[in-house]
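Residue numbers (this note's numbering), protein chains in the order written: chain A, 177 to 530; chain B, 177 to 530; chain C, 177 to 530.
Because the hints were derived from the structure by calculation, they are not lab data. Among the hints, erroneous ones may be present.
To be verified - Short derived list, chain A residues pointing at chain B, Cβ under 7 Å:
no., residue
1, Asp217
2, Thr221
3, His242
4, Pro246
5, Tyr261
6, His262
Said to hold, decoys possible - To spell it out: a stretch of chain B is covered by chain C in this simulated footprint if at least three of its residues, at any positions, have a beta carbon under 8 Å from a beta carbon of chain C; those stretches are:
no., stretch
7, 209-223
8, 234-244
9, 252-265
10, 276-287
The C-beta atom is built at its ideal place from N, Cα and C for all residues, glycine as well.
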Amino acid sequence: MTAKPSAPVHLLADHTTPLIRSAWYVVARSDEVTREPRACDAMETSLVLYRNAAGQVVALQNRCCHRSFPLAHGKLEGDAIRCGYHGLLYAPDGRCIEIPMQKSVPASLRVRAYPVVERKPFVWAWFGPPDAVDPEALPHPDWLGHAGWDMYIGYLRIDASYIHLHENLLDLSHLSFLHATTFGTPEYARAPVELDVQGTRIEAWRHVECHLPDIYSVPLGWQGQRARRSSGSCFVAPGLHVNTGYLRNLEGANPQPEPTIRVAQVITPIDRHSTHYWFAGCRNFVRGRPDIDDFMCKAQFAAFAEDQFAMQQITRLEAIDSAAPVVEAHIPTDAAGIAMRRHLAALAARDAAG
Amino acid sequence: MTAKPSAPVHLLADHTTPLIRSAWYVVARSDEVTREPRACDAMETSLVLYRNAAGQVVALQNRCCHRSFPLAHGKLEGDAIRCGYHGLLYAPDGRCIEIPMQKSVPASLRVRAYPVVERKPFVWAWFGPPDAVDPEALPHPDWLGHAGWDMYIGYLRIDASYIHLHENLLDLSHLSFLHATTFGTPEYARAPVELDVQGTRIEAWRHVECHLPDIYSVPLGWQGQRARRSSGSCFVAPGLHVNTGYLRNLEGANPQPEPTIRVAQVITPIDRHSTHYWFAGCRNFVRGRPDIDDFMCKAQFAAFAEDQFAMQQITRLEAIDSAAPVVEAHIPTDAAGIAMRRHLAALAARDAAG
Amino acid sequence: MTAKPSAPVHLLADHTTPLIRSAWYVVARSDEVTREPRACDAMETSLVLYRNAAGQVVALQNRCCHRSFPLAHGKLEGDAIRCGYHGLLYAPDGRCIEIPMQKSVPASLRVRAYPVVERKPFVWAWFGPPDAVDPEALPHPDWLGHAGWDMYIGYLRIDASYIHLHENLLDLSHLSFLHATTFGTPEYARAPVELDVQGTRIEAWRHVECHLPDIYSVPLGWQGQRARRSSGSCFVAPGLHVNTGYLRNLEGANPQPEPTIRVAQVITPIDRHSTHYWFAGCRNFVRGRPDIDDFMCKAQFAAFAEDQFAMQQITRLEAIDSAAPVVEAHIPTDAAGIAMRRHLAALAARDAAG
Chain A
177 MTAKPSAPVH LLADHTTPLI RSAWYVVARS DEVTREPRAC DAMETSLVLY
227 RNAAGQVVAL QNRCCHRSFP LAHGKLEGDA IRCGYHGLLY APDGRCIEIP
277 MQKSVPASLR VRAYPVVERK PFVWAWFGPP DAVDPEALPH PDWLGHAGWD
327 MYIGYLRIDA SYIHLHENLL DLSHLSFLHA TTFGTPEYAR APVELDVQGT
377 RIEAWRHVEC HLPDIYSVPL GWQGQRARRS SGSCFVAPGL HVNTGYLRNL
427 EGANPQPEPT IRVAQVITPI DRHSTHYWFA GCRNFVRGRP DIDDFMCKAQ
477 FAAFAEDQFA MQQITRLEAI DSAAPVVEAH IPTDAAGIAM RRHLAALAAR
527 DAAG
Chain B
177 MTAKPSAPVH LLADHTTPLI RSAWYVVARS DEVTREPRAC DAMETSLVLY
227 RNAAGQVVAL QNRCCHRSFP LAHGKLEGDA IRCGYHGLLY APDGRCIEIP
277 MQKSVPASLR VRAYPVVERK PFVWAWFGPP DAVDPEALPH PDWLGHAGWD
327 MYIGYLRIDA SYIHLHENLL DLSHLSFLHA TTFGTPEYAR APVELDVQGT
377 RIEAWRHVEC HLPDIYSVPL GWQGQRARRS SGSCFVAPGL HVNTGYLRNL
427 EGANPQPEPT IRVAQVITPI DRHSTHYWFA GCRNFVRGRP DIDDFMCKAQ
477 FAAFAEDQFA MQQITRLEAI DSAAPVVEAH IPTDAAGIAM RRHLAALAAR
527 DAAG
Chain C
177 MTAKPSAPVH LLADHTTPLI RSAWYVVARS DEVTREPRAC DAMETSLVLY
227 RNAAGQVVAL QNRCCHRSFP LAHGKLEGDA IRCGYHGLLY APDGRCIEIP
277 MQKSVPASLR VRAYPVVERK PFVWAWFGPP DAVDPEALPH PDWLGHAGWD
327 MYIGYLRIDA SYIHLHENLL DLSHLSFLHA TTFGTPEYAR APVELDVQGT
377 RIEAWRHVEC HLPDIYSVPL GWQGQRARRS SGSCFVAPGL HVNTGYLRNL
427 EGANPQPEPT IRVAQVITPI DRHSTHYWFA GCRNFVRGRP DIDDFMCKAQ
477 FAAFAEDQFA MQQITRLEAI DSAAPVVEAH IPTDAAGIAM RRHLAALAAR
527 DAAG
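Chain A with its partners taken away, still in its complex shape (with noise of 0.2 Å):
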């Protein structure tokens, strides 16, 4: 235990402090966007998504500037989509291009065009002013994706302030109990945290010797065998948190390279009271098994559904307990989720103030 917390609570962000929009958040997976339109509801808005002839991702603002049906219903024509109420012409950049029934377009008329880069598995949109876009902060991580890794990802809608969630998994002291029969095992109650806070590096790891839960003792064969876990926590940006976790057999034989497993947890706020989460696990073991895949999809969805469960009952009884003053207690396991949350405070008010 190496932080405490110290932030006075105005400081730290929650479900009232407006969304970050100088940022960039996953608005769909690469396979989901094609030829026919798609929307996407994020950052307190809607988007529409689409692939040009070329095979490129175009995000526009799926509200026409006409009378604000949605683009996201309309029809491809080349690289340009068609309003389905009126048949307004939009171009890629958000442009409108036709006007039926009109010889001549206004150069006003437009909707917003978002900056976006996919990097598979993911489509990626920047939602801060235009002229700000820095593609320097994408956070895709490198073996995201990459031939080296085995991937499956998951998918939930939480119903609740992704602050809740980011808090969430940079906690580690919840699985002991949110997660006792699925991820936690007893020994991990007992196991420190080191907080590696500095900046806006915002880690928790954890090394512990134990039974490793199903979703990895299984794959590996390595039921009945204690092992080494360390597993890190660590907070990238308003849209990403990466989870790793080492693996080392304390009793048998171990592969090479060292069993590794490393999860994007990406975040898209909706509005500030519920989130898109898509979580792609992946792993340089036991590679080229689909079949392992779902297992461990699977298992990862039951642990993640109970954390959905805790964040959508939080949110209902702060709704409920209008009649309370709002409490909120730190102890030294919450150090890195206060780091996070005085962070995102602070590029809520760069935002505001830029």
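Given chain A, work out where chains B and C should sit, using these hints.
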């Protein structure tokens, strides 16, 4: 294209504009009003409707002035209605005329009575000040319910502003897109719209030579033949819009009189975000054929369900898109809709002043 | 008819009046509270209820002071309850006594503990300031749960203000109308109501000679015989109303003691717009007959479901009828209800002042 939008946006009625109370609105089909009391939610209030012993329609505030129980759950006694909670008895003029266990009734005890006019197939009610009731303003057209026309009636509840519906009906340009597979024909997209906007006359006309859509060609037996189709959209009052269609076969024989369609689009706001919508389709051809009534009603229902979908999608986007500024660009084909919205804004202002 | 309404409307409590916190309310049936934690939403907050090892009921704020997870999803350890999210352990007095991975616990970490009194068949909780808990104010009557009476208990959730329910119960005049086919009898409509309103005693009585409704005549075997029925409605406290009925056969033999009905109408606001409603019907006749318990409970349930319907309809109309001014006329039979509402308004004012 004869008109251009010119009104400043803030003079155009939209879903935030107060409802226009000094007007007539349909509250039921005639055949729905019987000796069994019936509720109708309309104009941000609730009415109870019933027939007195002589068969005349009575429309009262649905809310007992004692403890607010809906009178529609009460029982008729002759011409009067008795509340089902504590038994207060109301005369058709709204006065409370009996309180159980009490000898006299204070003169002030009453519910509001709404002036009603029954013109089959509908019952109209006046929602403005009772002393300002204006029978001349009743928008019921002579042909509607007249023996010279065959008729079907459909109904949809639309969870969107009634102003979106008026605008939709005045706008012929969306037929080629939203109704591409139902009402629209390829020739429609190329035909000019003639707007006739003078004072409170707000009409849009289109004259097209085309293959008629099935809804007309099947009853007339004109499939595969070219016809001239003149379509008019006419705003009549906050509670009524009329569509007219004149059809002439260009390749074969034409019946007498000229095949004509008139659709009474009956529009009653429930509140600013939801709307009753009855459509009464009348024709002067292929008469006395209930099977043709059914065929045309189903075809129209399919098309109007597309409008319902569009308006509800727009309403949903308006709610989601809280982060974006409200944008509403106008195009020349909106001129009739803009004139209508300017007119409704003026009526709302007159309501507020009076 | 001995009393007249005279209070100005603004001194009468209604659904906008703050809930009265310095009072006792039932939070569960005794048999619902076990060694499995259980939530009860009440009084604009949420409680967790459980029994300690000695069988005494514990009532705590349901919201962990750390991250607001509901303790009702936690687990008991002896007399304490451990939060299911991060494992904080709370003593029955609400103090946090253990935080996993941490040696000491700040004294300020606690959830609110609610004083509770169990009087079978119910558990009462005090929602006012803990240091003002007033055992004398506990409204549990001696006969309720007493071996001298047979009892059934029913439950309804009512999506309306608890004040509507109190008013409904004090008002005997609606029986002839709303309950015409269940409780009401034709003679009821003609019987005078005697109001006994002095200070905080708020009672209404009716004495009728009639054929009893089935709920009484069937168990007593008095079908077709005339009887005297004295019915009293008594406001006791914000959380309790008591109905009393004395029955005497006018045509046949009468058992000893005099057949008497007492119904504890247990009323707990969930918030200002929804209400828990338990009804415990007690009788001193035809005893030891579970089939009669069932018969009477079902009959009463049918009648109270009519009240539920009425109150929910009223609440719906109050919401729809936004355009109309709020009107509430009073009639003489409202005197008891008005006295109750004046009393509740005074209690709410006392709460706010103290």
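Here is how each hint holds up against the structure:
1. Asp217: holds (6 Å)
2. Thr221: holds (5 Å)
3. His242: Constraint on A:His242 satisfied, holds at 5 Å.
4. Pro246: Check passed: Cβ of A:Pro246 comes within 5 Å of chain B, closer than 7 Å.
5. Tyr261: holds (5 Å)
6. His262: holds (5 Å)
7. 209-223: The restraint on the stretch 209-223 of chain B holds, since 5 of its residues have a Cβ under 8 Å from chain C and three suffice.
8. 234-244: Coverage by chain C holds for the stretch 234-244 of chain B (7 residues, Cβ < 8 Å).
9. 252-265: It holds, with 7 qualifying residues against the three required.
10. 276-287: Since three or more residues must qualify, the claim that chain C covers the stretch 276-287 of chain B holds, with 6 doing so at under 8 Å.
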